[in-house]
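This is what each chain is made of:
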Amino acid sequence: MTGSIENREQFLATLLEKRGGVELPFEPYQAISDLPETHLADLSAEELLDIAKEQAEFVSANLVETTASEMNAVIADLIEKSGGGQVMIPTTDEFAKFGVEVATDQLVSWKIGAEYRDENIMAAQNSNVAVAVPKFFLAESATIVVESEAGQGRSLHFLPTHYIAVIPMSRMVARSTQAADWLDKNKKPGSTLHFISGPSNSGDIEMQLVVGLHGPLEINYVVVKDL
Amino acid sequence: MGLSTSTKTFAERLEDSKKDTFARAAVAKAQDAQWEKRETAREELGNWQEWRDIAESIRQHTLKYLPHYLTEFSDNVAKRGGHVFFAANAKEANDYVKRIVLEKNAKKIVKSKSMVTTEVDIDPMLVSLGDDMDILETDLAEFILQVADWDEPSHIVFPALHKNRDQIREIFAAKLGYEGDNDPVNLARCARDTMRKLFLKSEVGITGCNFAIANTGDINLSTNEGNADLTISIPKTQIVLMGMERIVPSIKEAEILDNMLARSAVGQKLTTYVTFAGQKAEDESDGPEDFHVVIVDNGRSNAIGTAFESILQCIRCGACLNVCPVYRQIGGHAYGSIYPGPVGSVLSPVLGGYEQYGDLPYASTLCGACTETCPVKIPLHELLIEHRKVMEDELKMHHDGSFVNMEMNAVGMGTGHPAMFGMAVNMAHTGLSMLPKAKEVTVEGSLFKYGAVRKAPALAKGWTDVRDLPVAPPHKEQFRQWYKKHKAGK
Numbered sequence: 017m018t019g020s021i022e023n024r025e026q027f028l029a030t031l032l033e034k035r036g037g038v039e040l041p042f043e044p045y046q047a048i049s050d051l052p053e054t055h056l057a058d059l060s061a062e063e064l065l066d067i068a069k070e071q072a073e074f075v076s077a078n079l080v081e082t083t084a085s086e087m088n089a090v091i092a093d094l095i096e097k098s099g100g101g102q103v104m105i106p107t108t109d110e111f112a113k114f115g116v117e118v119a120t121d122q123l124v125s126w127k128i129g130a131e132y133r134d135e136n137i138m139a140a141q142n143s144n145v146a147v148a149v150p151k152f153f154l155a156e157s158a159t160i161v162v163e164s165e166a167g168q169g170r171s172l173h174f175l176p177t178h179y180i181a182v183i184p185m186s187r188m189v190a191r192s193t194q195a196a197d198w199l200d201k202n203k204k205p206g207s208t209l210h211f212i213s214g215p216s217n218s219g220d221i222e223m224q225l226v227v228g229l230h231g232p233l234e235i236n237y238v239v240v241k242d243l
Numbered sequence: 009m010g011l012s013t014s015t016k017t018f019a020e021r022l023e024d025s026k027k028d029t030f031a032r033a034a035v036a037k038a039q040d041a042q043w044e045k046r047e048t049a050r051e052e053l054g055n056w057q058e059w060r061d062i063a064e065s066i067r068q069h070t071l072k073y074l075p076h077y078l079t080e081f082s083d084n085v086a087k088r089g090g091h092v093f094f095a096a097n098a099k100e101a102n103d104y105v106k107r108i109v110l111e112k113n114a115k116k117i118v119k120s121k122s123m124v125t126t127e128v129d130i131d132p133m134l135v136s137l138g139d140d141m142d143i144l145e146t147d148l149a150e151f152i153l154q155v156a157d158w159d160e161p162s163h164i165v166f167p168a169l170h171k172n173r174d175q176i177r178e179i180f181a182a183k184l185g186y187e188g189d190n191d192p193v194n195l196a197r198c199a200r201d202t203m204r205k206l207f208l209k210s211e212v213g214i215t216g217c218n219f220a221i222a223n224t225g226d227i228n229l230s231t232n233e234g235n236a237d238l239t240i241s242i243p244k245t246q247i248v249l250m251g252m253e254r255i256v257p258s259i260k261e262a263e264i265l266d267n268m269l270a271r272s273a274v275g276q277k278l279t280t281y282v283t284f285a286g287q288k289a290e291d292e293s294d295g296p297e298d299f300h301v302v303i304v305d306n307g308r309s310n311a312i313g314t315a316f317e318s319i320l321q322c323i324r325c326g327a328c329l330n331v332c333p334v335y336r337q338i339g340g341h342a343y344g345s346i347y348p349g350p351v352g353s354v355l356s357p358v359l360g361g362y363e364q365y366g367d368l369p370y371a372s373t374l375c376g377a378c379t380e381t382c383p384v385k386i387p388l389h390e391l392l393i394e395h396r397k398v399m400e401d402e403l404k405m406h407h408d409g410s411f412v413n414m415e416m417n418a419v420g421m422g423t424g425h426p427a428m429f430g431m432a433v434n435m436a437h438t439g440l441s442m443l444p445k446a447k448e449v450t451v452e453g454s455l456f457k458y459g460a461v462r463k464a465p466a467l468a469k470g471w472t473d474v475r476d477l478p479v480a481p482p483h484k485e486q487f488r489q490w491y492k493k494h495k496a497g498k
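Order-wise, the sequence lines are chains A and B. Taking our numbering, the leading residue of the first sequence gets 17, the next gets one more, and so forth. Taking our numbering, the leading residue of the second sequence gets 9, the next gets one more, and so forth.
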């Protein structure tokens, strides 16, 4: 499957002409400072969690600390507080890997396969809650990073009314720099990355902050300290 | 609308702005609120100047090797099955989007806020395709402007800044059947419900692009509302429009610029949704099956290789608007361009020429606040001076023998020679001393000790139309004499 490129040569010729017809020999970008890598990098996991807790409040997200043994009870409690109803989860081995079990009689999983497009989108739209396991949790900004792919489509993270991110402590990093560095080397071709810091919000009406515009009205971070 | 937002002259737009007291108050409030948020976010980060240096180095690097990165990016989009169209101007960009929409026979289109789609006039083109076209601007502010019969935006980050909650309630009541109060929470919930229904039926999604990632072919979008994420998730076709300069080598550089953007635009550490996406993979079930990127020049190349090249470093954070004393007084609509404020005063003449936007470089105090706040270190106030030089010295635009031109020549001569300057000061004092009404002190303190001119002629008229012009102190107390005396006595 190959796409197409139109008008490129003509377009680039104009740029070359503006530079006096001289094409510069290419040199890759060399970072002029290691500040992004060193900023917050010396903090312990506990110190990072403290930063994340403070920031979660700032971005209107609900952060709960728990342990692996209590994790599923915490998730069940959050689902109940969200009003129950249909809960959507990804199709992924990450749930089994971390022992995540969602106890509800209205559970739907994201179906793998392009033929399930409409079914998956409508299932996400009709779900009151989504539960997912992020790839990273960025302490500085209280941001989860999720990689949408075959088993967890893009809509799963945006259409349900409530969202629960189950975050193994081992996936917490200082900031987006560490996540970007890993993703630059390891991102699956074609996957989509969403960096999400709290619920959807807007300040467009007289600059008053309103939470819950397009995405979930509520976001919960369940940080599992011994995972 | 396109780049231009008005057919009125700059002077006429200024008159309109002076009358719009709500908009002026809203701009002042926004500037003050954003000042606190922005400065706090930068202070928390620490080493702000070093971060600016890094951001500047990334932007300058990609501009230097723009052809290389555009080639790499477009190759990677095509490898994944996407389509890239290089548009030299707004018409080509429009024609391409039109072609895709017609090929798809699409009637339901959702759009995520983007400056470049407004710049090339995508909305009117879509509307012209027929009465059955259903177009939805999904950013709340843009949605409000659309519902208000496509009103003009007045700010890069807060396009509906000039509308208050009562006006929005009235618009929603008239157009959407809204029956609630003017609480922004309820107004936003009404917008959410309206937009969600349309999202689920959408066939084509149109977005801008904060940054394009050369080594993956992904595009990077930042929003606080998540509307861009729905736009790249639900419709089967996505069309991305991007200014040709919006490119970075990899996600690592995008991450740095996303941080700089969020802190500078809204005082956040990261925007709520920062997304990297492209055409869906074959085994994915949502996301665009057809993915198109339109890379737009539309006058940007006018800056390449000139003194104005650094304006292409802009990451559209709007921080320069939020510190500008001129923007504070005249608001966004007065600029007559979708790019208002200092960045607009530099960029608009580059994109649209001096005939239409030549007034804007003069709408500046040259205080340098914009330059100081810019996260990617664009020397904005120096570029404003450069525009003036080009207009005056190269294009001789104001060398037409007009009265203003003669006045400026006289001022130039008078200020260019010490002896003539001294004479001019003496004459000005003698002349002005006859003009004030008695010696009325209009402001406490010593500034107006010698009275104030209320109605001055010629060059000073613009000033005295809205302010007092303090009369210079008597000759014996002139600064030069005072300085000489004190210097001698030290």
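Simulated from the structure, these hints should not be mistaken for lab results. In this text, a Cβ means the ideal position worked out from N, Cα and C, and glycines have one as well. Some hints here could point you the wrong way.
Here are the simulated DMTMM-like pairs of lysine to aspartate or glutamate, each with C-alpha atoms no more than 25 Å apart in a straight line [stated by the list, open to error]:
1. B/K115 / A/D134
2. B/K106 / A/E25
3. A/K204 / B/E297
4. A/K241 / A/D50
5. B/K106 / B/D157
6. A/K241 / A/E117
7. B/K87 / A/E117
8. B/K385 / A/E43
9. A/K127 / B/E100
10. B/K209 / B/E317
11. B/K87 / A/E62
12. B/K99 / A/E234
13. B/K45 / B/E58
14. B/K404 / B/D367
15. B/K385 / A/D134
16. B/K45 / A/D109
17. B/K183 / B/E100
18. B/K45 / A/E70
19. B/K72 / A/E222
20. A/K34 / B/E44
21. B/K106 / B/D367
22. B/K244 / B/D408
23. A/K69 / B/D408
24. B/K116 / A/D50
25. A/K204 / B/D408
26. B/K37 / A/E25
27. B/K469 / B/D408
28. A/K34 / B/E317
29. B/K244 / A/E22
30. B/K244 / A/D134
31. B/K112 / A/E43
32. A/K69 / B/D131
33. B/K16 / B/E363
34. B/K106 / A/E22
Pairwise CB distance ranges, derived in the manner of DEER restraints [stated by the list, open to error]:
35. A/F42 / B/Y370: 52 to 58 Å
36. B/S12 / A/Q26: 23 to 29 Å
37. B/L110 / A/Q26: 45 to 51 Å
38. B/T15 / A/K97: 54 to 60 Å
39. A/F42 / B/K115: 55 to 61 Å
Check your understanding: Tell me, which hint numbers fail for this structure?
Key -> 4, 7, 9, 10, 11, 12, 15, 16, 17, 19, 20, 21, 22, 23, 24, 25, 26, 31, 32, 35, 37 and 39
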